[in-house]
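Undergrad: Given the coordinates of chain H, work out where chain U should sit on it, guided by the hints.
Number of protein chains: 2
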Amino acid sequence: MFGLMQDRPLLISSLIEHANTFHVRTEIVSRLPEGPIRRSSWGQVRQRAQQVANALNQLGIRPGDRVGTLAWNSDRHLALYFGVSGSGAVLHTINPRLFPEQIDYIVNHAEDQVIFFDVGFAPLVARLAPSCRTVKHFVAMTDRATMPAAEIPNLLCWQDLVEGQSADFTWPAFDERTASSLCYTSGTTGNPKGVLYSHRSTVLHTLMELAPDTFGISSEETVMLIVPMFHANAWGTPYAAAMAGTRLVLPGPHLDGASVYQLMKDERVTFSQGVPTVWLMLFQHVDAHPGLDPKELGLKRVGIGGSAVPRAMLERFENQFGAEVVQGWGMTETSPIGVISKLLPKHFALPHEELVKIKLKQGRGVWGVDLKLVGDDGQVMPWDGVSRGHLHVRGPWIASGYFKGEGGTKLDAEGFFPTGDVATIDPDGYLQLVDRAKDVIKSGGEWISSIDVENAAMGHPAVAEAAIIGVAHPKWQERPLLLVVRRPGQEVTREQLLDFLSTRMAKWWLPDDVVFVTELPHTATGKLLKTRLREQYQDHVLPTVDRA
Amino acid sequence: MFGLMQDRPLLISSLIEHANTFHVRTEIVSRLPEGPIRRSSWGQVRQRAQQVANALNQLGIRPGDRVGTLAWNSDRHLALYFGVSGSGAVLHTINPRLFPEQIDYIVNHAEDQVIFFDVGFAPLVARLAPSCRTVKHFVAMTDRATMPAAEIPNLLCWQDLVEGQSADFTWPAFDERTASSLCYTSGTTGNPKGVLYSHRSTVLHTLMELAPDTFGISSEETVMLIVPMFHANAWGTPYAAAMAGTRLVLPGPHLDGASVYQLMKDERVTFSQGVPTVWLMLFQHVDAHPGLDPKELGLKRVGIGGSAVPRAMLERFENQFGAEVVQGWGMTETSPIGVISKLLPKHFALPHEELVKIKLKQGRGVWGVDLKLVGDDGQVMPWDGVSRGHLHVRGPWIASGYFKGEGGTKLDAEGFFPTGDVATIDPDGYLQLVDRAKDVIKSGGEWISSIDVENAAMGHPAVAEAAIIGVAHPKWQERPLLLVVRRPGQEVTREQLLDFLSTRMAKWWLPDDVVFVTELPHTATGKLLKTRLREQYQDHVLPTVDRA
Numbered sequence: 350m351f352g353l354m355q356d357r358p359l360l361i362s363s364l365i366e367h368a369n370t371f372h373v374r375t376e377i378v379s380r381l382p383e384g385p386i387r388r389s390s391w392g393q394v395r396q397r398a399q400q401v402a403n404a405l406n407q408l409g410i411r412p413g414d415r416v417g418t419l420a421w422n423s424d425r426h427l428a429l430y431f432g433v434s435g436s437g438a439v440l441h442t443i444n445p446r447l448f449p450e451q452i453d454y455i456v457n458h459a460e461d462q463v464i465f466f467d468v469g470f471a472p473l474v475a476r477l478a479p480s481c482r483t484v485k486h487f488v489a490m491t492d493r494a495t496m497p498a499a500e501i502p503n504l505l506c507w508q509d510l511v512e513g514q515s516a517d518f519t520w521p522a523f524d525e526r527t528a529s530s531l532c533y534t535s536g537t538t539g540n541p542k543g544v545l546y547s548h549r550s551t552v553l554h555t556l557m558e559l560a561p562d563t564f565g566i567s568s569e570e571t572v573m574l575i576v577p578m579f580h581a582n583a584w585g586t587p588y589a590a591a592m593a594g595t596r597l598v599l600p601g602p603h604l605d606g607a608s609v610y611q612l613m614k615d616e617r618v619t620f621s622q623g624v625p626t627v628w629l630m631l632f633q634h635v636d637a638h639p640g641l642d643p644k645e646l647g648l649k650r651v652g653i654g655g656s657a658v659p660r661a662m663l664e665r666f667e668n669q670f671g672a673e674v675v676q677g678w679g680m681t682e683t684s685p686i687g688v689i690s691k692l693l694p695k696h697f698a699l700p701h702e703e704l705v706k707i708k709l710k711q712g713r714g715v716w717g718v719d720l721k722l723v724g725d726d727g728q729v730m731p732w733d734g735v736s737r738g739h740l741h742v743r744g745p746w747i748a749s750g751y752f753k754g755e756g757g758t759k760l761d762a763e764g765f766f767p768t769g770d771v772a773t774i775d776p777d778g779y780l781q782l783v784d785r786a787k788d789v790i791k792s793g794g795e796w797i798s799s800i801d802v803e804n805a806a807m808g809h810p811a812v813a814e815a816a817i818i819g820v821a822h823p824k825w826q827e828r829p830l831l832l833v834v835r836r837p838g839q840e841v842t843r844e845q846l847l848d849f850l851s852t853r854m855a856k857w858w859l860p861d862d863v864v865f866v867t868e869l870p871h872t873a874t875g876k877l878l879k880t881r882l883r884e885q886y887q888d889h890v891l892p893t894v895d896r897a
Numbered sequence: 350m351f352g353l354m355q356d357r358p359l360l361i362s363s364l365i366e367h368a369n370t371f372h373v374r375t376e377i378v379s380r381l382p383e384g385p386i387r388r389s390s391w392g393q394v395r396q397r398a399q400q401v402a403n404a405l406n407q408l409g410i411r412p413g414d415r416v417g418t419l420a421w422n423s424d425r426h427l428a429l430y431f432g433v434s435g436s437g438a439v440l441h442t443i444n445p446r447l448f449p450e451q452i453d454y455i456v457n458h459a460e461d462q463v464i465f466f467d468v469g470f471a472p473l474v475a476r477l478a479p480s481c482r483t484v485k486h487f488v489a490m491t492d493r494a495t496m497p498a499a500e501i502p503n504l505l506c507w508q509d510l511v512e513g514q515s516a517d518f519t520w521p522a523f524d525e526r527t528a529s530s531l532c533y534t535s536g537t538t539g540n541p542k543g544v545l546y547s548h549r550s551t552v553l554h555t556l557m558e559l560a561p562d563t564f565g566i567s568s569e570e571t572v573m574l575i576v577p578m579f580h581a582n583a584w585g586t587p588y589a590a591a592m593a594g595t596r597l598v599l600p601g602p603h604l605d606g607a608s609v610y611q612l613m614k615d616e617r618v619t620f621s622q623g624v625p626t627v628w629l630m631l632f633q634h635v636d637a638h639p640g641l642d643p644k645e646l647g648l649k650r651v652g653i654g655g656s657a658v659p660r661a662m663l664e665r666f667e668n669q670f671g672a673e674v675v676q677g678w679g680m681t682e683t684s685p686i687g688v689i690s691k692l693l694p695k696h697f698a699l700p701h702e703e704l705v706k707i708k709l710k711q712g713r714g715v716w717g718v719d720l721k722l723v724g725d726d727g728q729v730m731p732w733d734g735v736s737r738g739h740l741h742v743r744g745p746w747i748a749s750g751y752f753k754g755e756g757g758t759k760l761d762a763e764g765f766f767p768t769g770d771v772a773t774i775d776p777d778g779y780l781q782l783v784d785r786a787k788d789v790i791k792s793g794g795e796w797i798s799s800i801d802v803e804n805a806a807m808g809h810p811a812v813a814e815a816a817i818i819g820v821a822h823p824k825w826q827e828r829p830l831l832l833v834v835r836r837p838g839q840e841v842t843r844e845q846l847l848d849f850l851s852t853r854m855a856k857w858w859l860p861d862d863v864v865f866v867t868e869l870p871h872t873a874t875g876k877l878l879k880t881r882l883r884e885q886y887q888d889h890v891l892p893t894v895d896r897a
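Each protein sequence line maps, in turn, to chains H and U.
Remember, our numbering sits 349 above the position in the first sequence when you count from 1.
Remember, our numbering sits 349 above the position in the second sequence when you count from 1.
It is worth saying that the hints were derived from the structure and are not from the lab.
There may be inaccurate statements among the hints.
It does not matter which identical chain is used: a pair holds within one copy or between any two.
List of simulated lysine to any residue pairs, SDA-like, C-alpha gap at most 25 Å [stated by the list, open to error]: (1) Lys695 - Arg617; (2) Lys614 - Ala821; (3) Lys787 - Gly606; (4) Lys721 - Pro521; (5) Lys649 - Lys695; (6) Lys649 - Leu693; (7) Lys824 - Asp862; (8) Lys649 - Val674; (9) Lys721 - Pro358; (10) Lys649 - Leu699; (11) Lys721 - Thr519; (12) Lys856 - Val841.
Isolated chain H, as found in the complex (with noise of 0.2 Å):
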C-alpha cells in the first residue's frame, strides 16, 4: 500500500525557483575575471538561468545532450547550473587545470554540444576546439565587448545568445533520476572517468548539506566559494544556498591570499570553502602584513576538504582567525558529501590534545552514507579505530558506476562502491584516511600508511616534499623507499633523515632507504603520480637486500 502523499520529483530546477520565491533580492557577488565586483540576485540568477534554457532550445540542445563549462567560480556559471540540469540537458564541468590531452579525451567522451568559457581559457579553447568533434558551439561568457581575439570556431557571445533571450520559461518536470551533470575524475591511472549525478541525488546531498551536522548553510550565512564549481559540484554549495537562500560570495579565478582576504573582508563573509592549498595561500598573506588581525574578517566557519587538514591549519584557524573548521572527506563519486568532522557533546570537555585528534580524523558519518571496510580477503573489518581496511560506502548520492560503463562493474554484492582509499574507523564512526589502496605498501602481510611516513618525513625542516613507494624486497616482498625534495639552501644527509624518523614510527614503518631528488613527478591537479615512481624505481635495489 502506497502512501497518500503528493507525487513531487526532486528536481533542481525547483531550488533555484525556491531561491527565486523567498530570497528573489539576496546577493550573489560575483568578482569578474577582470578585476571589477558585480552584485546579482538569486532573483536575476533565475532569471539568467531560464535565458539559459531558452538559448540552449535555440541551439537545438535536447534533454539529456552534455554542456561543457570552462569556468570560475561566478554567476554566470551559477546560472548555468541552474540553467542547463533545469532544462533536461546535462552540465558538465571541466577541470580547466587538467592537461590539454585529457580535457580533449574529456570532451569528445562526454560528446558535449556546447561549452560555455571564460575569456581567460579562450587560449585553451582555440588549441582544443580542432579536436572536440562533437562541439557545435563554443560560447564565451562574456559581453559583445570584451570578446576573445583568439581563433574559435562556431564562437558565440553569452551577450548575444543568452542575454537576448526571453526569460520565460517553464522549468519541465520529468522524471527524478534523469542525469543532471557530469563531472569527470582525474585518477593517478588511466584516463579520466565521468561521474553522472541524477537531480534526485543533487537535490538529497543538498538537503544533507544544510543539515547542522555537516556544512550547516542557512540564510543566515554569507558564503565565500572558493572550492571551483568545476570541482565535484563545488561541494554541492551552489545547490545548497539556493535552497537555503543563501548570500553568495564567487571570487572567479582570483585565489590568491590577497585578494581572497580582501573579499573576504569586503563582503563579511562568514562562512567558505576551500582546498587547503588556498588557505596555506590565505595564511602568506597574513604572515607578510603582520599589521592584519584576520579576527577583523568576522569569519565564523571555514570547510575543508580535498586533502588532510594539517594541525597547524586547524589550529591557526582556531586561534588566529576565531573561525571554527569543519574538515570532510569525499570525492567526486560521492557528490561529495561523504564524512565531516563535527565533534560529538561528548568531546567538548575533553583536554585540547584530545580535542584536536578527533578534529584532525576526516570526520564522522552522515545519513545517507553507509561506510564500510572491508579486509584484503573481503572481510568486514571491525571499527576499532585501528583496524584499517578498503573503504567502501553507499547510499543515494553515491556513484554506482561510471558514464559510459568505463572501468566495468563497480559495486560490491551488497551494493557499496569501493572508493580505493584505506582507512579506519572509529567507535564513535570516525574515519580516518590511511592510505590510496594502491599506494599501500605491504611489509611482509603488514600494511605501512605512506600518508603517516610522508606527514612525518615532511615535519624535518630540510624537507620540502616527500613521497614514498614500495620497492620489491626478496624476504618483506615490499619494503619502503624514501624519495625527498630538500628545501632550497637546506642540507640533510639520509642518516640524518632516518635519525629523525626513527623517533615517529614504528621500527618496522622506517624507509629502508632514502633518495634525494630535484623534484617529484604530479598530475595536473597536483596529486603525487606515484605510478611514475613506481616504473622508475621498479629496479632500485635496497640496501637491506641481502645480495648474498
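TA: Quick look at chain U alone, frame taken from chain H:
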C-alpha cells in the same frame, strides 16, 4: 538518460540504523508514567524496534497492516515508530484526547490489527475494546508486574511480547512510496480523516527538519519532545533526532509546568517543542515560584506551533528564559512543516517593534513547500502582506488526499492542497494566518478576520475567552457577533468592550453585538467549536438590523 547514482530507497529503517551505527550510546531519557526516569540509548531503541518487528511478525501482522498506538512520549513509543514502519506495517498514532466515539470511529476506519497502549489508557481501552472489530491484540506497554487490572480482551504484555523477542531482524527493502504511518485529523466538522504518510515523504521531511532555517536538529542538541507523538508525527522530531543522533528527552504524560521545568533543568535541555498551552503551564509554574531564574535552564531555542504564538509568550521566552522562539505553521496534512519563522539577515538591525511584527508571523516558506494564495473567484492573490487568500500548498511531504478517499479529490488543477486556512504572504514570503476559511466573516464582500478580532478582545483584562462568528445581516450578508466569557470576578460591559476594541481595529470590523456567556464549546483537542456556535446563534438578530 538516467544518472549513474545508487538506487537506494528512502526508508525510515535507515534512520534508526544510522542512529545505531553512529550514535549507539547517545541517551534517550524517558520519564515513565509512574514518575521515575528510564535511561535508554539509540542502540537500545534500535534493538527494541527490531524486537517489535519480530513481535509483529509473530502476531501475523503483514506489510501494510495498521498498528495503533495510544501512548505518551517514551522510548517504547519511539521503538514502535521505527519498528512498525521499518517492518513495512503502518504506524497509526491515535490521539487519546479525542472523544471515545471518535477513537472508536478511527480504529475501525483504520482497521487497526493491534493496539499498543500505555497503562494509563487501560480504562479507555477496556471501554473501546468491544467495538474495535478489527483489533486482534491489545498490548499494554508495561512490565509484567504492572499489567492493568481492567477487563481487556486479547491482552498482551510488552515485556512478554516484545522484550522476549530476538533482536535479530533485517529491515526489509521496499518501494519508498510505501505507506509508513497514519494520523487522523480531528476537524471541527465531520468524521476525522486519515493522513497516510509514506517512507519517502517522511525521510524528505526529516532532512528538512535538520536545516538551520527550520528546527536545526543536530547531534549537539538535547531535545525535549513535549509535542505528543500522536500529534502529526511529533512534528517529525523522532525521525530527525535519529537522523542527527540527537539526545532526546521524552516527558511521558508529565506535561505540567513543574514537571517540565524540572526535567528541562535536570537533563540540560537545549531545545524543546510544544504548543502554546504547555508553555503557559510552564509560565504559571515560574510565576508561582518567584525565586526561579529560568535562565538557569540553559534553554537555547523553543519550537512553537499548533496555534499562533502570542506576543507575550515570544517576549517572555526571549527575556526571561534567554531562548529564541522558532514559530511554525503546519498541519497533519503537511507532515507538519509548512512555514517556519526565522529572521533574514536584513532584519537583524531592525528596531524591536518591527522585529516582533515579523516574528509573530507564522513564518517563511521552506524548500519543499510551495505556497499559493487563492481568492474567492479562484484568482491567484499577490504576496503583498495585505491581500488575503485561501492558502494552498504543494510539495513532496504534503498530503494528496485522505485515507480511503474520504473527502474526495483534494488537489487543485496545479496539484496544490487546499489547507482551509486564509492567509496573507508578504514580499519576503512570510505567511500570516488570518482565519480558518470557514470561520471568515464576509461583510459586504470583504473579509473580517475572526482571529484578529478575537485576539483584540482577549487583550481586555476582563476577558477570559472570546469567539467571533458571522451572523446573517440583510444589508452586509454577514456581520460579526462577539461571544465573551468573562474572567472570574471581573466585570466589563458591552459598551466598554466595544470602546476598547474601537481603538484596535478598522471601524467596519467592530462587532455589531456582544453576548456574554459562561462557557464556549470546544473540540476534544481544545479548538473552539464554531459550527455549534453558528447553529446556536443563527437566529440572533443584530441590533444593527433595521427591523422596519
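Undergrad: For every hint, state whether the structure bears it out.
TA: Here is what the structure says about each hint:
Proximity of Lys695 and Arg617 under a CA criterion of 25 Å is satisfied inter-copy only: 13 Å between copies versus 32 Å inside one chain copy. Taking identical chains as interchangeable, the C-alpha atoms of Lys614 and Ala821 are never at most 25 Å apart, the minima being 53 Å within one chain and 64 Å between chains. Taking the shortest alpha-carbon separations for Lys787 and Gly606, neither the intra-copy value of 34 Å nor the inter-copy value of 62 Å comes in at or below 25 Å. With identical chains, the CA atoms of Lys721 and Pro521 are at most 25 Å apart between copies only, with a shortest distance of 20 Å across copies and 38 Å within one.
In this homomeric assembly, Lys649 and Lys695 come within 25 Å of each other (Cα to Cα) both inside a single copy, at 22 Å, and across copies, at 19 Å. For a Cα distance limit of 25 Å, the shortest separation of Lys649 from Leu693 qualifies both inside one copy, at 19 Å, and across copies, at 18 Å. For the homomeric pair Lys824 and Asp862, the shortest alpha-carbon distance inside one copy (16 Å) is at most 25 Å, but the shortest distance between copies (102 Å) is not. Taking identical chains as interchangeable, the C-alpha atoms of Lys649 and Val674 lie at most 25 Å apart whether they share a chain (9 Å) or sit on different chains (23 Å).
Taking the shortest alpha-carbon separations for Lys721 and Pro358, only the inter-copy value of 19 Å comes in at or below 25 Å, while the best intra-copy value is 30 Å. Both within a single protomer and between protomers do Lys649 and Leu699 lie at most 25 Å apart by alpha-carbon distance, with minima of 22 Å and 23 Å respectively. Taking identical chains as interchangeable, the C-alpha atoms of Lys721 and Thr519 lie at most 25 Å apart only when they sit on different chains, with a minimum of 17 Å there against 43 Å within one chain. In this homomeric assembly, Lys856 and Val841 come within 25 Å of each other (Cα to Cα) only inside a single copy, at 20 Å, whereas the closest approach across copies is 91 Å.
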